[in-house]
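Respectively, the protein sequence lines represent chains P and S.
For the first sequence, the working numbering assigns the number 1 to the initial residue and increments by one for each residue that follows.
For the second sequence, the working numbering assigns the number 112 to the initial residue and increments by one for each residue that follows.
No lab work stands behind these hints: they were computed from the structure.
Wrong hints could be hidden among the right ones.
The calculated lysine to aspartate or glutamate pairs, modelled on EDC-like cross-linking and capped at a C-alpha distance of 16 Å, are [what the hints assert, rightly or not]:
#1 P/Lys45 - S/Asp249
#2 S/Lys156 - P/Glu65
#3 P/Lys73 - S/Asp175
#4 P/Lys76 - P/Glu65
From the structure, some residues in chain P lie toward chain S, with a derived Cβ separation under 8 Å [unchecked claim]:
#5 Arg23
#6 Tyr50
#7 Pro51
#8 His54
#9 Gly60
#10 Lys73
#11 Arg75
#12 Phe96
#13 Thr99
Some chain P residues well away from chain S (every beta-carbon gap over 12 Å; in silico) [said to hold, decoys possible]:
#14 Glu46
#15 Gln55
#16 Gln74
#17 Lys86
#18 Glu94
#19 Val102
Even for Gly, the Cβ is constructed at its ideal location relative to N, Cα and C.
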Amino acid sequence: MPIDRELLKGSIALLILRLLSERDMYGYEIIQESVHRSQDAFEFKEGTLYPALHQLHKRGYLRSEWRTGENGKQRKYYSLTATGRKAARRSEQEWFSFTKVVNAILSKANS
Amino acid sequence: MVFFHESSERHTFEGQLVTHLDRIVSRVILLAKLPGDKRRCEVEKELRAHLDDVAEEARSQGYDDEAAVRIVRMRFGEPEEVAAAFASVYSPERLAKRIFHSAILVAVSTVAVVVVIGTVQSIAAICTANSILSTLRDMHREFFGFGAIVAGYCSLYAGERLFPTSLARALLPSVSLGLWLAALFGWLIPQHGPLPLVAFTCAAVGRLLQRVEIPLVWFAGTGGPLLAAWALCGPLISGWQFPWLVWLGLTLSCKALREIVRLFERVFVEDFA
Chain P
1 MPIDRELLKG
11 SIALLILRLL
21 SERDMYGYEI
31 IQESVHRSQD
41 AFEFKEGTLY
51 PALHQLHKRG
61 YLRSEWRTGE
71 NGKQRKYYSL
81 TATGRKAARR
91 SEQEWFSFTK
101 VVNAILSKAN
111 S
Chain S
112 MVFFHESSER
122 HTFEGQLVTH
132 LDRIVSRVIL
142 LAKLPGDKRR
152 CEVEKELRAH
162 LDDVAEEARS
172 QGYDDEAAVR
182 IVRMRFGEPE
192 EVAAAFASVY
202 SPERLAKRIF
212 HSAILVAVST
222 VAVVVVIGTV
232 QSIAAICTAN
242 SILSTLRDMH
252 REFFGFGAIV
262 AGYCSLYAGE
272 RLFPTSLARA
282 LLPSVSLGLW
292 LAALFGWLIP
302 QHGPLPLVAF
312 TCAAVGRLLQ
322 RVEIPLVWFA
332 GTGGPLLAAW
342 ALCGPLISGW
352 QFPWLVWLGL
362 TLSCKALREI
372 VRLFERVFVE
382 DFA
């Protein structure tokens with residue numbers, strides 16, 4: 001089932017922080033990983049990922065560096081800073097609290 | 112990567128693909144108005160690498176170049192949307208940079224006006240066998256006048272930048288600032304208030320007439336308001352003679368300010384675009 005674009009937009013920072021807490025990635029890789037883990041349910045416009053990455057970078061949550069891959073291609077890798085790790089944990093907790101509350105309301109409504 | 116292939120037909124498609132990808136990135140960069148050349152280059156490189164990856168993925172799945180372009184466009188989204196998102200990320204930085212550049216423009220313009228009018232007055236002092244030192248020493252009294260010239264000229268320039276398509280709107284900053292200054296001068300220097308106001312108007316009208324393609328017509332811009340003030344209010348400085356020296360100082364100041372604005376646009380053109 002396709003996910004509402006606005007809903008996805010609001011949680012893009014959380015997804016980026018979560019994925020980067022596992023390993024350093026470049027933009028295209030973040031998208032591939034999101035699509036793979038969501039089993040193709042995520043259909044957001046890929047161009048909007050980069051402004052989100054830059055916003056997080058500006059806030060000091062991410063650092064970036066250009067690396068050359070095996071095929072000679074240069075890619076900008078992002079990784080979490082210490083502040084970014086804290087923000088990732090905080091965002092995750094917020095998300096779980098939020099979904100718990102929403103689920104509680106929805107389950108009541110359905111029962 | 113995608114530039115060289117054996118078949119000429121294939122080469123054309125590759126060329127089209129490259130052009131399409133370049134066009135998408137260029138559109139984002141143009142509309143995002145990112146501050147700084149380095150950042151622009153970096154974003155360009157990053158987006159281009161992403162689009163190359165998407166195009167390569169599409170081609171590896173067996174799509175031809177035309178289909179690859181469609182897939183890239185669909186997945187990437189509208190360049191306008193991406194540019195707007197980038198612009199909002201960097202808008203505080205861009206604003207800070209603009210304020211900083213504007214402060215530089217005002218500071219340099221003020222120094223230029225002081226130098227120009229100081230030079231005119233020094234030459235006049237030599238011609239009338241007066242002391243240059245005492246003339247220059249008294250220049251601090253004209254502080255409001257110097258400020259008014261810079262304010263008049265720069266406010267109209269700011270209006271032109273803010274509203275490039277409407278002259279009526281471009282005049283708004285000058286008119287608003289002029290009214291504020293009239294109130295301020297009327298309160299601070301009620302005896303001498305009209306002269307800085309006339310200087311303000313002359314500089315603004317001078318800038319306005321510099322837009323006219325006819326050479327030297329802007330001389331009337333600095334002369335007109337001065338002449339009107341002289342005719343309406345009588346002596347602006349002393350005696351009933353037309354203040355030629357003031358007019359000369361204003362005119363040369365406007366000329367110097369025009370050159371400074373041109374230089375400013377050359378240096379900061381990317382960030383001010």
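Each hint tested on the structure:
This hinted pair does not check out: P/Lys45 and S/Asp249 have alpha carbons roughly 65 Å apart, beyond 16 Å. This hinted pair checks out: S/Lys156 and P/Glu65 have alpha carbons roughly 13 Å apart, not beyond 16 Å. Taking the CA atoms of P/Lys73 and S/Asp175, the gap is about 22 Å. The hint is violated against a cut of 16 Å. Only pairs whose Cα atoms come within 16 Å are accepted, and P/Lys76 paired with P/Glu65 is accepted, the gap being roughly 5 Å.
Because the smallest distance between the Cβ of P/Arg23 and any Cβ of chain S comes to about 18 Å, over 8 Å, the interface hint for this residue is violated. Proximity of P/Tyr50 to chain S holds as hinted, the smallest CB-CB distance being about 6 Å (cut-off 8 Å). With a least beta-carbon distance of about 4 Å to chain S, the hint placing P/Pro51 at the interface is held under the 8 Å criterion. A distance limit of 8 Å between C-beta atoms decides the matter here; for P/His54 the minimum to chain S is near 5 Å, and the interface restraint holds.
Of the supplied interface hints, the one on P/Gly60 is violated, with its beta-carbon coming no nearer than about 14 Å to a beta-carbon of chain S, more than 8 Å. Hint status for P/Lys73: holds, given a least beta-carbon distance of 7 Å to chain S, under 8 Å. A distance limit of 8 Å between C-beta atoms decides the matter here; for P/Arg75 the minimum to chain S is near 6 Å, and the interface restraint holds. Among the interface hints, the one on P/Phe96 is violated; its C-beta lies about 27 Å from the nearest C-beta in chain S, farther than the 8 Å criterion.
A cut of 8 Å between beta carbons decides the hint on P/Thr99: the least distance to chain S is about 26 Å, and the hint is violated. At roughly 5 Å from the closest C-beta of chain S, the C-beta of P/Glu46 falls inside 12 Å, breaking its exclusion from the interface. Under the 12 Å C-beta cut-off, the non-interface status given to P/Gln55 relative to chain S is violated; the minimum distance is some 5 Å. A beta-carbon of chain S comes within 12 Å of the beta-carbon of P/Gln74; the shortest separation is about 7 Å.
The Cβ of P/Lys86 lies farther than 12 Å from every Cβ of chain S, with a closest approach of about 21 Å, so its non-interface assignment holds. Listed as outside the interface, P/Glu94 is consistent with that label: its C-beta sits roughly 22 Å from the nearest C-beta of chain S, beyond the 12 Å cut-off. The beta carbon of P/Val102 sits about 26 Å from the closest Cβ of chain S, which is more than 12 Å, so the claim that it is off the interface holds.
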